Amino acid sequence: MNVGAAAEVAPRVGVVAAISVDRLAVRFEGNDGSITALSDVDFEVSEGGFVTMLGPSGCGKSTLLRAIADLVPVSEGGIRVFGRTPEQSRLARDFAFVFQDPTLLPWRSAIDNVRLPLEVGRRGGVELERHAEPEDLLALVGLQGREDALPHELSGGMKQRVSIARALVQKPRVLLMDEPFGALDEITRDKLNEELLRIWRETGTTIMFVTHSVPEAAFLGRKCLVLSAQPGRVRGYVDIDLAEPRQLSIRDTLEFVQITSHLRSLLEVGK
Amino acid sequence: MKAAGTGNGRALAAAAGDSSMRLEKWRRRAPAIVAAVGLLLLWQLIVDGFRVPTYIAPSPVEVLEVFAKEGEILWINFWPTAMEAAAGFALGNGIAVLLAVWFVHSQLAERAFYPIAVFVNTIPIIAIAPILVLMLGNGYEPKIVIAALICFFPTLVNMVRGLKSVSPQMLDLMRVLSANQAEVLWKIRLQSSLPFLFAALKIASTTSVIGAIVGEWIGSNYGLGSLIIEATYNFRAPLLYATVILGAGMAVVAFTATTIVERRVLKWKPGNVI
Numbered sequence: 001m002n003v004g005a006a007a008e009v010a011p012r013v014g015v016v017a018a019i020s021v022d023r024l025a026v027r028f029e030g031n032d033g034s035i036t037a038l039s040d041v042d043f044e045v046s047e048g049g050f051v052t053m054l055g056p057s058g059c060g061k062s063t064l065l066r067a068i069a070d071l072v073p074v075s076e077g078g079i080r081v082f083g084r085t086p087e088q089s090r091l092a093r094d095f096a097f098v099f100q101d102p103t104l105l106p107w108r109s110a111i112d113n114v115r116l117p118l119e120v121g122r123r124g125g126v127e128l129e130r131h132a133e134p135e136d137l138l139a140l141v142g143l144q145g146r147e148d149a150l151p152h153e154l155s156g157g158m159k160q161r162v163s164i165a166r167a168l169v170q171k172p173r174v175l176l177m178d179e180p181f182g183a184l185d186e187i188t189r190d191k192l193n194e195e196l197l198r199i200w201r202e203t204g205t206t207i208m209f210v211t212h213s214v215p216e217a218a219f220l221g222r223k224c225l226v227l228s229a230q231p232g233r234v235r236g237y238v239d240i241d242l243a244e245p246r247q248l249s250i251r252d253t254l255e256f257v258q259i260t261s262h263l264r265s266l267l268e269v270g271k
Numbered sequence: 001m002k003a004a005g006t007g008n009g010r011a012l013a014a015a016a017g018d019s020s021m022r023l024e025k026w027r028r029r030a031p032a033i034v035a036a037v038g039l040l041l042l043w044q045l046i047v048d049g050f051r052v053p054t055y056i057a058p059s060p061v062e063v064l065e066v067f068a069k070e071g072e073i074l075w076i077n078f079w080p081t082a083m084e085a086a087a088g089f090a091l092g093n094g095i096a097v098l099l100a101v102w103f104v105h106s107q108l109a110e111r112a113f114y115p116i117a118v119f120v121n122t123i124p125i126i127a128i129a130p131i132l133v134l135m136l137g138n139g140y141e142p143k144i145v146i147a148a149l150i151c152f153f154p155t156l157v158n159m160v161r162g163l164k165s166v167s168p169q170m171l172d173l174m175r176v177l178s179a180n181q182a183e184v185l186w187k188i189r190l191q192s193s194l195p196f197l198f199a200a201l202k203i204a205s206t207t208s209v210i211g212a213i214v215g216e217w218i219g220s221n222y223g224l225g226s227l228i229i230e231a232t233y234n235f236r237a238p239l240l241y242a243t244v245i246l247g248a249g250m251a252v253v254a255f256t257a258t259t260i261v262e263r264r265v266l267k268w269k270p271g272n273v274i
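Residue numbers (the numbering used here), protein chains in the order written: chain W, 1 to 271; chain S, 1 to 274.
Bear in mind the hints are in silico, worked out from the structure with no lab data behind them.
If you're wondering where the values come from, they're calculated on a predicted model, not measured in any experiment.
Misleading hints may appear alongside valid ones.
Unchecked claim - Here are the simulated EDC-like pairs of lysine to aspartate or glutamate, each with C-alpha atoms no more than 20 Å apart in a straight line:
1. W:Lys171 with W:Asp136
2. S:Lys267 with W:Glu202
3. S:Lys164 with W:Asp94
4. S:Lys269 with W:Asp148
5. S:Lys187 with W:Glu119
6. S:Lys187 with W:Asp112
7. S:Lys187 with W:Asp148
8. S:Lys267 with W:Asp148
9. S:Lys269 with W:Asp101
10. W:Lys223 with W:Glu202
11. S:Lys187 with W:Asp101
12. S:Lys269 with W:Glu153
13. S:Lys269 with W:Glu147
14. S:Lys269 with W:Asp112
15. S:Lys202 with S:Glu262
16. W:Lys171 with W:Glu216
17. W:Lys223 with W:Asp239
18. S:Lys267 with W:Glu147
19. S:Lys267 with W:Asp112
20. W:Lys191 with W:Glu202
Construct all of the structure, not just a fragment, from the sequences and the given hints.
What follows is the structure in structure tokens.
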């Protein structure tokens, strides 16, 4: 039943997956009974992997990501992030979340927004011997020189870059991204796609990335998890083998088109 | 060379833009100034022309004379009122802010006390004033409490709304960061509420002066309020007018000061960039 495991390279003994989801179900109590958002979801993400999640809107992709981030309670089954429950890994700051909206504090400069994770949630004194320099991170996302800019002085793409830098400041082992480029124009989106891959290669962070753009899912992901709608189930967990390092021009190759048409066919079955 | 040239050009253009903007500002103000001066002149002419008795309507020149001759009386009575208004402003807004913070963190508190706050607000301030004088005596206290009461309600309503104006996504972010309630309050809620708070403070800055003056009407022998009553009973119309103008001036100063602080504090609001 574990679609992911079949395609994985043989796991080394004693190595835990970065994320493992086991027969997960999430139900919401609505006014007219409970609604099943996710049912029987099984997959694993290996450490350092880049998994994109694709599905029709309302299929529960965001819910799945939010369940991993301990923002939505699990009804059945289990989620483990490096062997820990979502709550434990949230408290240990194992993961960071990037929202579709940059969610920057408008009264804080770019650099102070990046510092926010270092200022809050430090009750058990956890972590923080492991953190990156906010200045270096703004340079990493290409915003050197704009440290003191307020959010309203930045473009949509720049704001999302700040939000990515903020997610990286605590050196998370997993980066959960919920349609982070969904609200951006295509040119900005392409640029950020390429830069995200560069950041991924440089930091070695495991990334889970929700999108409803098929080309984006294929271009970014080393694997792509396709979900069906209502309730969300795993339709397929596809390996994406393309020449590395990937460049935007790869999207014009035959291999790429074959992959995207395969992903589209999986989505069609989902309907 | 070229870069320096354009840099200079830009600086020059900015300087030119600055002075032309100042000119534009005055041009926009000119009609209001001309109209005000014109109305004052008209008033003077009517009072002189129709020989209106001073006790019915004094002329602008007579009112000005009061400022020159009886400036000391005005000044002596100005300070108690200003002090009461300022203390009432601080007290009323302070309690409103604290209560709003409590309401946002406890639904029970909000359900229990919000209706009472609404009820208190519906009682006319002029009706509460004698009650407070009975309770608190003839000193500064009842006036401060009246000024506080008049500020309290708008600030409470706005502050509760402001503290709740945080987007759900912002709260998700804080949850992912395992932030506690206090951190959410200090890092997010208070800052988000500031635009709402200042909208209320601007109202309160002028109403607190009204509250102090109303308080002085009911049993007091100092302050602008008591001076208004005294001048009215003695038919000293020029003094009455001068007192009223001074009271209005106090409210304008309070309002302007609040606006200046708002601009400083809310620099991050795109609309507030000057």
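Handout entry: Hint numbers not upheld by this structure, sorted from lowest to highest
Key = 2, 3, 16
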